[in-house]
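There are 2 protein chains.
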Amino acid sequence: MTTNEKTTMIEQWGLFELALKGTSQGNPFLEVEFSATFHQGDKSIRTTGFYDGGGTYRVRFMPGSQGVWRYQTASNLPELNGIEGSFTCIAPGPDNHGPVRVANPYHFAYADGTPYLPVGTTCYVWNLQGEPLESQTLETLKKSPFNKIRFCVFPKRYAYNQNDPAIYPFPGEVKRDPSEKFVIGLTQAPPPDYWDFSRFVPEYFQHLEQRIADLQVLGIEADLILFHPYDFGAWGFDRMPAEVNDRYLKYVVARFSAYRNLWWSFANEYELLRDRTTEDWDRYFQLVQAEDSYNHLRSVHNIKVFYDHTKPWVTHSSVQHGDVAKTITWLKQYRKPVVVDECGYEGDINQQWGNLTPQEMVNRFWLGFANGGHVGHGETYWNEEEVLWWSKGGVLKGESVARIAFLRQIIEAVPAPGLEPLNKARFEDIVTMEEVMEMFAFRNETANLLGTWASHVPAAGHNGTDYFLLYFGNHQPVYHEFDLTGSFRIDIIDTWEMTISCFAESVTGPVRVSLPRKPYIAIRLQRPA
Amino acid sequence: MTTNEKTTMIEQWGLFELALKGTSQGNPFLEVEFSATFHQGDKSIRTTGFYDGGGTYRVRFMPGSQGVWRYQTASNLPELNGIEGSFTCIAPGPDNHGPVRVANPYHFAYADGTPYLPVGTTCYVWNLQGEPLESQTLETLKKSPFNKIRFCVFPKRYAYNQNDPAIYPFPGEVKRDPSEKFVIGLTQAPPPDYWDFSRFVPEYFQHLEQRIADLQVLGIEADLILFHPYDFGAWGFDRMPAEVNDRYLKYVVARFSAYRNLWWSFANEYELLRDRTTEDWDRYFQLVQAEDSYNHLRSVHNIKVFYDHTKPWVTHSSVQHGDVAKTITWLKQYRKPVVVDECGYEGDINQQWGNLTPQEMVNRFWLGFANGGHVGHGETYWNEEEVLWWSKGGVLKGESVARIAFLRQIIEAVPAPGLEPLNKARFEDIVTMEEVMEMFAFRNETANLLGTWASHVPAAGHNGTDYFLLYFGNHQPVYHEFDLTGSFRIDIIDTWEMTISCFAESVTGPVRVSLPRKPYIAIRLQRPA
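One line per chain: the protein sequences are A and B, in this order.
Residue numbers for the first sequence follow numbering that gives the first Met the number 0, so the first one is 0 and each next one is one higher.
Residue numbers for the second sequence follow numbering that gives the first Met the number 0, so the first one is 0 and each next one is one higher.
Keep in mind that the hints were calculated from the coordinates and are not lab data.
Ideal Cβ positions, reconstructed from N, Cα and C, are used throughout, including at glycine.
Among the hints, erroneous ones may be present.
[Said to hold, decoys possible] Below, in silico cross-link-like pairs of lysine-lysine (DSS-like), each with a Cα-Cα straight-line distance of 25 Å or less:
(1) B/K303 with B/K331
(2) A/K303 with B/K249
(3) A/K141 with A/K303
(4) B/K141 with B/K517
(5) B/K142 with B/K396
(6) B/K142 with A/K303
(7) B/K423 with B/K335
(8) A/K335 with A/K396
(9) B/K396 with B/K423
(10) A/K423 with B/K423
(11) B/K517 with A/K331
(12) B/K517 with A/K517
(13) A/K331 with A/K303
(14) A/K396 with A/K423
(15) B/K142 with A/K396
(16) A/K174 with A/K141
(17) A/K174 with A/K142
(18) B/K141 with A/K517
(19) B/K331 with B/K396
(20) B/K303 with B/K249
(21) A/K249 with A/K331
(22) A/K303 with B/K331
(23) A/K331 with A/K423
(24) A/K249 with A/K42
[To be verified] Over the 10 Å line for every Cβ pair with chain B, so calculated as not near, a few chain A residues:
(25) L286
(26) M432
(27) V435
(28) G472
(29) D482
(30) F502
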């Protein structure tokens with residue numbers, strides 16, 4: 000038995016899907032095994048299918064190379080077994096560069112080699128707000144500088160998050176006395192308190208993958224958070240049985256991994272999932288790594304105690320930390336790209352992590368990038384409706400976004416592969432006597448010539464020779480001195496006012512650059528054209 | 000043999016001095032032993048005298064109790080031996096509260112029990128600048144909010160410090176080829192390169208003690224820095240033989256310890272004195288502790304690696320650190336008062352430690368005090384003359400000083416003994432999984448009711464019940480919520496604009512305090528009058 004041999008055209012890194020009808024009897028989620036193997040030349044890739052409800056079974060595939068691909072299904076259901084077919088993988092469209100990979104080794108690039116610089120934001124459960132808010136969020140993102148967004152599979156209960164989603168990932172029933180007020184502050188009928196964890200609700204996941212596809216159209220990576228602790232007894236999705244967690248992971252990999260703009264974030268603030276051990280997290284990583292045919296990026300976000308990002312299944316360090324200048328330390332510690340996905344949010348709520356001034360939000364972006372890392376945004380302006388961007392999306396009200404767009408322009412103009420820290424270490428992070436001695440013995444010719452190490456100025460460069468960025472943060476020097484080897488063009492960047500002024504078209508040797516006595520100034524050095 | 004029995008009157012904690020003539024032959028600094036023992040009732044205090052040049056020997060005493068004190072000298076010089084006399088110690092003058100002691104145990108008080116709140120500044124070698132600059136510095140201090148100043152015994156060679164003092168602490172000779180340019184940037188004749196470390200130059204120390212006395216008149220504590228590394232081969236006072244270091248310490252104790260406004264700071268950035276071991280520092284502390292009859296405050300200032308302030312001879316933690324909010328951690332670690340003597344300086348030079356905005360300088364003051372500590376000031380505005388307050392004194396140009404005066408008023412109005420941190424720990428300093436778990440298990444009723452722990456707001460209180468200060472730093476919340484037990488008056492303090500506005504004369508229970516959406520705001524809660 001074969002499917003229609005009429006040639007299907009799928010662009011490289013596009014999504015091929017085979018949908019088949021089968022039984023809806025029993026529990027297909029538990030009982031049906033279904034997969035397909037895709038062949039091209041020597042290549043053979045097996046991917047797992049999934050049950051999508053109503054007797055429909057799907058298997059998806061993201062081709063990584065052009066040309067004809069042939070496939071054959073395998074299943075314990077006879078009607079899903081042994082189906083063969085093929086499609087032709089054609090050149091990618093102009094905005095399709097493939098999935099993002101680690102490169103060089105502290106940066107990212109799309110599969111086609113185009114550099115990718117993550118400039119992310121966070122809207123934890125924007126995808127569970129229904130219309131018209133979800134469409135409004137997409138409209139806002141379309142006009143924003145953001146090319147990555149962190150959000151959750153599961154709903155969230157927390158301050159400013161008292162609403163329930165329209166549907167849930169599992170079938171549920173209310174078995175308690177429905178008058179019981181078990182969640183403080185809940186303003187609507189309480190959600191189910193009994194879940195059938197042996198089945199998924201396909202519509203829940205269909206909606207989520209529609210949102211992943213919507214983001215793909217906008218060129219935005221979906222940094223999908225698989226677990227989070229912000230449940231507090233509302234639903235119990237933070238404390239499911241171990242085998243349900245594993246089955247859930249396999250299901251989302253089967254459904255979502257063929258979307259090229261997908262990243263796996265194993266948790267938000269993983270330490271707060273207090274019943275999980277380090278071995279659990281290790282197993283989740285390994286399970287997803289084994290099931291995901293495309294090796295999408297994988298990391299996990301902390302509240303305080305970093306997961307060991309040196310482990311081989313971690314592709315990059317996803318960090319929560321308010322002190323982004325530590326990026327230089329994390330780069331050296333983990334030897335992987337650093338994305339400070341959470342460093343605090345521009346806003347005005349009554350939590351110190353959610354009431355940064357726009358100046359400080361932008362300052363943290365510059366500090367992170369000028370230390371060779373990447374920083375993520377969020378926004379938490381209080382409003383009566385409790386629609387805060389950080390969790391529900393909507394519109395952006397802050398002043399940092401325009402400055403982040405300005406920063407993105409500047410950093411994207413850095414020659415590939417991008418910036419790496421120039422100084423040996425962060426002065427503030429030195430803690431042992433040995434490091435103090437090493438600090439004074441340090442002779443990095445470039446850092447010395449640029450005057451960054453002695454003056455403790457964060458700085459990053461490209462290849463150590465042809466491009467440098469120094470960022471003075473909330474400090475206000477009136478001058479900085481260089482002793483340049485070779486000629487450089489020097490620009491002074493006001494990161495808040497978003498201006499770039501040329502100090503010198505071409506200078507060499509000792510030079511004192513006068514600076515305005517104000518915070519948020521950067522100096523850029525480039526080889527003259 | 001006795002001195003004139005005519006009654007000398009010395010106020011309590013004043014300075015009694017007995018000057019005697021003796022030989023100037025040989026080397027009196029090495030060869031003459033001279034001391035006096037002072038008696039009152041059961042009390043007997045032996046103090047060491049010193050040679051002051053020109054055949055004059057002096058011994059000094061600071062009486063700690065009123066009434067008649069009798070003394071008797073002892074010496075290996077017959078003309079200095081066995082001299083007896085007495086004086087009457089009378090009540091202290093109105094501005095004389097005695098030396099400062101540790102109290103309660105995280106605060107300070109004068110010997111008469113008056114609370115002392117250190118609000119310090121730094122002028123490392125103001126005392127070696129000659130006239131008219133030294134007098135100008137004293138004039139500036141007189142009008143300033145500062146009641147402590149850190150400065151050095153030895154001269155300093157560093158950026159913006161290329162001038163030599165008029166005289167040196169030891170007799171010296173130029174033995175090298177005088178045309179040799181051995182110090183880069185030196186603009187005058189090079190100083191001696193050979194020192195007779197067996198003798199002191201009394202005039203050098205006479206001048207220094209005049210400055211200590213000048214500060215005493217202004218009510219300013221002299222936090223005297225005994226060693227520092229900023230010599231770089233200019234004079235070699237950072238690398239003297241071990242026995243010279245010890246003799247020097249004994250000499251300064253003999254000369255200066257009877258000044259009530261004296262603190263001992265064993266070093267500035269002690270780790271950079273690279274030939275010293277921890278045992279050396281221990282010995283210096285113990286030596287001074289043994290020689291100083293008055294137990295003046297003792298600490299040592301770091302660049303990166305704190306000396307172990309738990310050691311019994313350390314009275315308080317003198318800290319250099321840019322992140323003053325760690326005060327809460329140091330208080331718990333060392334169980335002694337914390338004085339962040341150096342957290343960076345308001346200014347605009349090309350070093351990140353010396354180009355803080357005035358806003359950030361004030362912010363660090365508030366963060367330190369609102370965490371139960373004390374913070375010191377400095378100023379480094381660049382000028383062609385290279386007279387920067389931080390090192391040479393002169394005039395203050397910055398905008399932080401007026402705000403520090405405003406802060407001092409507020410903190411001095413806190414009931415004795417002062418503020419202690421309210422929260423269990425600093426959220427940002429939590430690093431282990433155990434601490435994360437402890438953080439979430441923490442139930443400090445007061446911190447919970449004040450909403451500080453959950454929201455990560457630094458806060459300190461008096462006795463945990465009747466006075467609280469919350470400081471939001473460079474954050475911009477639009478509200479903060481309390482659930483007050485008992486009635487409180489609530490004031491909103493704009494620490495930069497220096498305004499205090501009453502939110503409520505008396506409130507209790509749950510209250511939402513609206514705040515202006517701007518940084519540098521504090522909330523003060525007090526029991527209503």
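Now the hints, each set against the structure:
no.	hint	verdict
1	B/K303 with B/K331	holds, 19 Å
2	A/K303 with B/K249	violated, 49 Å
3	A/K141 with A/K303	violated, 32 Å
4	B/K141 with B/K517	violated, 33 Å
5	B/K142 with B/K396	holds, 13 Å
6	B/K142 with A/K303	violated, 45 Å
7	B/K423 with B/K335	holds, 17 Å
8	A/K335 with A/K396	violated, 33 Å
9	B/K396 with B/K423	violated, 38 Å
10	A/K423 with B/K423	violated, 35 Å
11	B/K517 with A/K331	violated, 36 Å
12	B/K517 with A/K517	holds, 18 Å
13	A/K331 with A/K303	holds, 19 Å
14	A/K396 with A/K423	violated, 38 Å
15	B/K142 with A/K396	violated, 45 Å
16	A/K174 with A/K141	violated, 43 Å
17	A/K174 with A/K142	violated, 45 Å
18	B/K141 with A/K517	violated, 30 Å
19	B/K331 with B/K396	violated, 36 Å
20	B/K303 with B/K249	violated, 28 Å
21	A/K249 with A/K331	violated, 33 Å
22	A/K303 with B/K331	holds, 20 Å
23	A/K331 with A/K423	holds, 10 Å
24	A/K249 with A/K42	holds, 23 Å
25	L286	holds, 23 Å
26	M432	violated, 5 Å
27	V435	violated, 5 Å
28	G472	violated, 8 Å
29	D482	holds, 13 Å
30	F502	holds, 15 Å
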